[in-house]
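Residue numbers (the numbering used here), protein chains in the order written: chain A, 113 to 391; chain B, 254 to 519; chain C, 80 to 368.
There may be inaccurate statements among the hints.
As the list claims (entries may be wrong) - Using C-beta positions, here's what the derived DEER-type ranges look like:
1) B:ILE286 with C:THR111: 57 to 63 Å
2) B:ILE327 with C:GLY310: 51 to 57 Å
3) B:ASN294 with C:THR124: 57 to 63 Å
4) C:GLY310 with A:GLU347: 33 to 39 Å
5) C:THR98 with A:ARG300: 44 to 50 Å
6) B:VAL454 with C:GLU268: 35 to 41 Å
7) C:THR124 with A:THR130: 40 to 46 Å
Unchecked claim - Listed next, the in silico DSSO-like pairs over lysine-lysine satisfying Cα-Cα at most 27 Å (straight line):
8) C:LYS198 with B:LYS449
9) A:LYS192 with B:LYS489
10) A:LYS292 with C:LYS198
11) B:LYS315 with B:LYS404
12) C:LYS323 with B:LYS430
13) B:LYS452 with C:LYS187
14) A:LYS386 with C:LYS323
15) C:LYS361 with A:LYS364
16) B:LYS452 with C:LYS361
17) A:LYS391 with A:LYS364
18) A:LYS142 with A:LYS332
19) C:LYS308 with B:LYS452
20) C:LYS361 with A:LYS386
21) C:LYS308 with C:LYS323
22) B:LYS402 with B:LYS494
23) B:LYS449 with C:LYS187
24) B:LYS404 with B:LYS430
25) A:LYS192 with A:LYS142
26) C:LYS198 with B:LYS430
27) A:LYS142 with A:LYS292
28) A:LYS391 with A:LYS332
29) C:LYS308 with C:LYS331
30) C:LYS331 with C:LYS361
31) B:LYS449 with C:LYS194
32) B:LYS402 with B:LYS489
33) A:LYS364 with A:LYS292
34) C:LYS194 with B:LYS430
35) A:LYS364 with A:LYS386
36) B:LYS430 with B:LYS449
37) C:LYS331 with A:LYS292
38) B:LYS404 with B:LYS489
39) C:LYS331 with A:LYS364
40) B:LYS398 with B:LYS494
Honestly, the hints are just simulated from the structure, not real lab data. Yeah, the Cβ is synthetic: ideal placement off N, Cα and C, and Gly gets one too.
Listed below, chain by chain, are the residues.
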Amino acid sequence: MTAIIRATNISYHYPDETNDVIHNLSFEIKRGDWVAIVGHNGSGKSTLARAIDGLLELDQGEIFVNDQLVAQENIWEIRKQIGFVFQNPDNQFVGATVADDVAFGLENRHMPRNEMIEKVNEALEMVEMSQFAEREPAALSGGQKQRVALAGVVAMRPDILILDEATSMLDPEGRESILKLLQQLRQRYHLTVISITHDIDEAAMADEILLIDDGRLVAKGVPNEILMQGDRLIELGLDVPYGEKIKRALVKEDLQTPTEYMDSNRMVDWLWQKLNLTK
Amino acid sequence: MFSKVLFGRYVPTNSRIHQLDPRAKLALSFYFIIIIFFANNWISYAFLAVFTLAVILGTRVKLSFFWDGIKPLIWIILFTVVLQMLFSSGGHTYWHWGIFTVTQFGLINGGYIFCRFLLIICMSTVLTLTTPPLLIADAVESLMKPLVKIKVPVYEIALMLSIALRFVPTLLDETQKIMNAQRARGVDFGSGSIWKRIKSVVPILIPLFISAFNRADELATAMEARGYRGGEGRTKYRMLKWHRQDTLACILMLVVTIILAGVRHY
Amino acid sequence: MVVAEIEFNEVGFVYQPGTPFEVSALRNINLTIESNSYTAIVGHTGSGKSTLIQLLDGLLKPTSGRLLIGQSQIDANSTNRQLAQLHQHIGIVFQFPENQLFEETVIKDIAFGPKNFGKSESQARELALEAMELVGLNADLSERSPFELSGGQMRRVAIAGVLAMQPHTLILDEPTAGLDPRGQREIMELFASLQQQQHLTVILVTHQMEDAAQYADKIVVMNHGEVVKVGTPRDIFVDPIWLKNNHLMVPKTTAFAQRLQQRGFSFDPFPLTVAELAQQIKQQLESGS
Numbered sequence: 113m114t115a116i117i118r119a120t121n122i123s124y125h126y127p128d129e130t131n132d133v134i135h136n137l138s139f140e141i142k143r144g145d146w147v148a149i150v151g152h153n154g155s156g157k158s159t160l161a162r163a164i165d166g167l168l169e170l171d172q173g174e175i176f177v178n179d180q181l182v183a184q185e186n187i188w189e190i191r192k193q194i195g196f197v198f199q200n201p202d203n204q205f206v207g208a209t210v211a212d213d214v215a216f217g218l219e220n221r222h223m224p225r226n227e228m229i230e231k232v233n234e235a236l237e238m239v240e241m242s243q244f245a246e247r248e249p250a251a252l253s254g255g256q257k258q259r260v261a262l263a264g265v266v267a268m269r270p271d272i273l274i275l276d277e278a279t280s281m282l283d284p285e286g287r288e289s290i291l292k293l294l295q296q297l298r299q300r301y302h303l304t305v306i307s308i309t310h311d312i313d314e315a316a317m318a319d320e321i322l323l324i325d326d327g328r329l330v331a332k333g334v335p336n337e338i339l340m341q342g343d344r345l346i347e348l349g350l351d352v353p354y355g356e357k358i359k360r361a362l363v364k365e366d367l368q369t370p371t372e373y374m375d376s377n378r379m380v381d382w383l384w385q386k387l388n389l390t391k
Numbered sequence: 254m255f256s257k258v259l260f261g262r263y264v265p266t267n268s269r270i271h272q273l274d275p276r277a278k279l280a281l282s283f284y285f286i287i288i289i290f291f292a293n294n295w296i297s298y299a300f301l302a303v304f305t306l307a308v309i310l311g312t313r314v315k316l317s318f319f320w321d322g323i324k325p326l327i328w329i330i331l332f333t334v335v336l337q338m339l340f341s342s343g344g345h346t347y348w349h350w351g352i353f354t355v356t357q358f359g360l361i362n363g364g365y366i367f368c369r370f371l372l373i374i375c376m377s378t379v380l381t382l383t384t385p386p387l388l389i390a391d392a393v394e395s396l397m398k399p400l401v402k403i404k405v406p407v408y409e410i411a412l413m414l415s416i417a418l419r420f421v422p423t424l425l426d427e428t429q430k431i432m433n434a435q436r437a438r439g440v441d442f443g444s445g446s447i448w449k450r451i452k453s454v455v456p457i458l459i460p461l462f463i464s465a466f467n468r469a470d471e472l473a474t475a476m477e478a479r480g481y482r483g484g485e486g487r488t489k490y491r492m493l494k495w496h497r498q499d500t501l502a503c504i505l506m507l508v509v510t511i512i513l514a515g516v517r518h519y
Numbered sequence: 080m081v082v083a084e085i086e087f088n089e090v091g092f093v094y095q096p097g098t099p100f101e102v103s104a105l106r107n108i109n110l111t112i113e114s115n116s117y118t119a120i121v122g123h124t125g126s127g128k129s130t131l132i133q134l135l136d137g138l139l140k141p142t143s144g145r146l147l148i149g150q151s152q153i154d155a156n157s158t159n160r161q162l163a164q165l166h167q168h169i170g171i172v173f174q175f176p177e178n179q180l181f182e183e184t185v186i187k188d189i190a191f192g193p194k195n196f197g198k199s200e201s202q203a204r205e206l207a208l209e210a211m212e213l214v215g216l217n218a219d220l221s222e223r224s225p226f227e228l229s230g231g232q233m234r235r236v237a238i239a240g241v242l243a244m245q246p247h248t249l250i251l252d253e254p255t256a257g258l259d260p261r262g263q264r265e266i267m268e269l270f271a272s273l274q275q276q277q278h279l280t281v282i283l284v285t286h287q288m289e290d291a292a293q294y295a296d297k298i299v300v301m302n303h304g305e306v307v308k309v310g311t312p313r314d315i316f317v318d319p320i321w322l323k324n325n326h327l328m329v330p331k332t333t334a335f336a337q338r339l340q341q342r343g344f345s346f347d348p349f350p351l352t353v354a355e356l357a358q359q360i361k362q363q364l365e366s367g368s
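Chain A with its partners taken away, still in its complex shape (with noise of 0.2 Å):
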């Protein structure tokens, strides 16, 4: 069994709303994957993040992690081995201070101090945060915060990262470094990665893309396959990777391209084999 987050046929719709923001969903996620759910605002994709934490119950359907299903009685267990990221830096922030936001988690798990001291140093050494343990969150930028989120996480050992849009408040500075410092994590941890974005520049960097459209699962693959469909992306109200956008912009210039995926560094190689083909 390699599938570490199993979910079949869930749906839910929220109490004052008629339609299913989820809808009869099944899929898998293999563990040490990083899985990207895109879809548009109001898609569906944050629901299903919260369902297989548990922070909401479920209409129909069923979702295992690590084999055991997420139900009222084990939910504390299922949240142990799962960390969270959430979109808005602010709100998420507990504690007064850098440390003391890194220790909330630790002191929620009745870990004894000295261990305490040990875990939020070494955390915030991960993310490069050492200097600031002290500040208030008021003294740092959107980027920062967001580190601090992931060094909460860290300091719990969790299998699992879930990322809500996490990077969509930053800008693009804080933006790039934290999908860097994701990367260096996820190596460093095993972690299996959840990321939820309309991102498609984050979403190519995944294993495996699951597209949600209007609470439905509307595709699923590689990135390669599901990022050459540049009509559907555009059509589920998403972006084109940058690749792509050239080739599609070569196409109207009457100009033959590859079928197949092309991202920038390939389309870089590709232009250059060309030119030297005409000299």
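Guided by the hints, dock chains B and C onto chain A, whose structure is given.
Showing chains B and C alone in chain A's frame:
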């Protein structure tokens, strides 16, 4: 105008007073406020004023800045003092008109009340000036700890206090943003009749409440996701440390008390 | 409509002067923004952009220097009345503008600005309906509560609330933040058409260099409270090293063209959009140069 008020603000000048244990500072500030009420003549007030001035100088915050910071509050004190003077009796009567009388005792009492208020404001400003809100919250928790035995939810209160303090700058920032947005849409906060002014608060309060509720909701979800299940059994990352200088500060306060007791009978 | 030109003359701004909290946010700003132009202001967080736009709208007044906006001059001695006049003619869409909504219905919220500036109930309603159409909101929504709408629709309501005041200048502070790609595209297209069809002056504050490159005709680069460079997108984006030194991202098209240049392509003029890039690539592949 309120941007100048110093009370409640932390100024990191890193003086010796900054380095004291927050429990010592909180307890001693309270203690000082209590003994102010034992001052009974001009000499005892003068003594306490000199001591307060020495403490203010000890914070290494510029005196002119400190003065500017408490000036707006002095008007409020003066107002209460004047009321007090107009309605008191005893001693020689200087002036009388309808229900108002100004008497000798009234003037003296008014002067004492003014001094008392001023000293209290100065000392509590020193406390917040030299202690980050977080540490004040920690000190409150620590000093309240004995109440756990009589089932007071001290940990929850402390966490609430700490979260509230942590969100003060965030919400102030938010208020400023909403005010700017509404001013840009033509709301004039500074003028018009009282009714108009009250009405102009609505476009700020509603968005602010909505935002605060959203934040609270998201924060609660985040806390749950991070395993928060109530205060019971939670360990604590931050620990306060009592140093020799804190004991010294307590001894100093004891000396002040003894001298005060002495000058009372002068 | 009188369209105004905006001029900054040695403008400086200090927060809380004379206290230990004193911060100098802007220094020696000299800048002209022509009417009906599309200007992008870029710079990393804390470079002074947000102070600059607050000065423009009269939400702050300069602590030194002066601003000329049309006929009016704003300096340290300007009265609140003078500042208030700016609000009407200069509309500002703040970051996450949906956070300012408060009325029971969409139409009331949009009509709030015009009413504050002395329009009658029916005139304000009229302006609100026009603004709804401009931003592409269906008139059916007018009696709905703004809080029942989707995030994208709420943003449009907030923008309509600014447009209903009929400003001649529109300041946009990260107007697409938090929207998904479709929402971002639609909103940016909306502003471009407002500039062209309604002849508005548009000032865009953004971190998205692609948007600055695509839409603006002039870019103002800020760093540490000063204007460090003003120029056309081509002037600004041609030098990736300079951009990095000023904490700015290099637009994807610039970066891509640069990489092709290293592999033997040559671009003149330097492409700013994917379409321009594709055209020039095609020319070079066909001519074989």
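We went through each hint and held it up to the structure:
1. B:ILE286 with C:THR111: 57 to 63 Å: 58 Å, holds
2. B:ILE327 with C:GLY310: 51 to 57 Å: 54 Å, holds
3. B:ASN294 with C:THR124: 57 to 63 Å: The hint (57 to 63 Å, Cβ to Cβ) holds, given that ASN294 of chain B and THR124 of chain C are roughly 58 Å apart.
4. C:GLY310 with A:GLU347: 33 to 39 Å: Once the Cβ atoms are compared, 38 Å apart, the range 33 to 39 Å for GLU347 of chain A and GLY310 of chain C holds.
5. C:THR98 with A:ARG300: 44 to 50 Å: 45 Å, holds
6. B:VAL454 with C:GLU268: 35 to 41 Å: 37 Å, holds
7. C:THR124 with A:THR130: 40 to 46 Å: Holds: the Cβ-Cβ distance is about 42 Å, inside 40 to 46 Å.
8. C:LYS198 with B:LYS449: 17 Å, holds
9. A:LYS192 with B:LYS489: Status holds; Cα separation ~19 Å.
10. A:LYS292 with C:LYS198: The hint is violated at about 53 Å.
11. B:LYS315 with B:LYS404: Not OK: LYS315 of chain B and LYS404 of chain B at ~45 Å, beyond 27 Å, violated.
12. C:LYS323 with B:LYS430: Distance ~30 Å between LYS323 of chain C and LYS430 of chain B Cα, so the pair is violated.
13. B:LYS452 with C:LYS187: Within the cut-off at roughly 15 Å; holds.
14. A:LYS386 with C:LYS323: Not satisfied, since the Cα-Cα distance of roughly 31 Å exceeds 27 Å.
15. C:LYS361 with A:LYS364: Since the Cα atoms of LYS361 of chain C and LYS364 of chain A sit roughly 10 Å apart, the hinted pair holds (cutoff 27 Å).
16. B:LYS452 with C:LYS361: Roughly 63 Å between the alpha carbons, so the hint for LYS452 of chain B and LYS361 of chain C is violated.
17. A:LYS391 with A:LYS364: Cα-Cα ~23 Å, so holds.
18. A:LYS142 with A:LYS332: Holds, at roughly 13 Å.
19. C:LYS308 with B:LYS452: 44 Å, violated
20. C:LYS361 with A:LYS386: Measuring from Cα to Cα gives roughly 11 Å; hence the hint holds.
21. C:LYS308 with C:LYS323: 14 Å, holds
22. B:LYS402 with B:LYS494: 23 Å, holds
23. B:LYS449 with C:LYS187: 18 Å, holds
24. B:LYS404 with B:LYS430: Distance ~41 Å between LYS404 of chain B and LYS430 of chain B Cα, so the pair is violated.
25. A:LYS192 with A:LYS142: 19 Å, holds
26. C:LYS198 with B:LYS430: 25 Å, holds
27. A:LYS142 with A:LYS292: 22 Å, holds
28. A:LYS391 with A:LYS332: Violated, because 41 Å separates the two Cα atoms, which is more than 27 Å.
29. C:LYS308 with C:LYS331: 21 Å, holds
30. C:LYS331 with C:LYS361: 19 Å, holds
31. B:LYS449 with C:LYS194: 14 Å, holds
32. B:LYS402 with B:LYS489: Given that 27 Å is the threshold and the Cα spacing comes to 18 Å, the pair holds.
33. A:LYS364 with A:LYS292: 34 Å, violated
34. C:LYS194 with B:LYS430: Answer holds: LYS194 of chain C to LYS430 of chain B is near 21 Å, not above 27 Å.
35. A:LYS364 with A:LYS386: 17 Å, holds
36. B:LYS430 with B:LYS449: Holds, at roughly 21 Å.
37. C:LYS331 with A:LYS292: 18 Å, holds
38. B:LYS404 with B:LYS489: Measuring from Cα to Cα gives roughly 19 Å; hence the hint holds.
39. C:LYS331 with A:LYS364: 20 Å, holds
40. B:LYS398 with B:LYS494: 16 Å, holds
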